[in-house]
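Going by the working numbering, the sequence shown opens with residue 17, and the numbers climb by one from there.
FYI, nobody ran anything at the bench for these hints, they're computed from the structure.
On a predicted model such as this, the values are computed, not experimentally measured, just so you know.
Careful, some of the hints might be misleading.
[Stated by the list, open to error] With a cut-off of at most 25 Å between alpha-carbon atoms, the simulated PhoX-like pairs for lysine-lysine come out as follows:
{"id": "1", "residue 1": "Lys84", "residue 2": "Lys59"}
{"id": "2", "residue 1": "Lys40", "residue 2": "Lys59"}
{"id": "3", "residue 1": "Lys59", "residue 2": "Lys70"}
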Amino acid sequence: MIRTTLTPQNTDLHLSIPKDYVGKQIEVLLYATDELQQAPPVKNTLAKLRGALKLTNDQYNNLQQHIKDIRNEWNRAI
């Protein structure tokens with residue numbers, strides 16, 4: 017992957033495609049970095065969904081424990 021930032025001096029831009037990219041689908045984006053809108057980070061937690069899922073305290077605690085167990089299992093596999 018090639019990613020770079022530049023400041024153009026005129027309206028023309030020439031791209032040289034690396035040989036290993038020839039024949040592959042590539043994506044080219046062009047935007048002014050000062051036009052980007054930064055969305056605030058969203059912290060998704062199970063506690064945030066607790067009311068939406070209508071879980072009882074026991075169900076919530078069981079689900080929390082299940083998630084911990086799954087994470088531990090995943091970490092052991094790595």
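Which of the listed hints are broken here? 2
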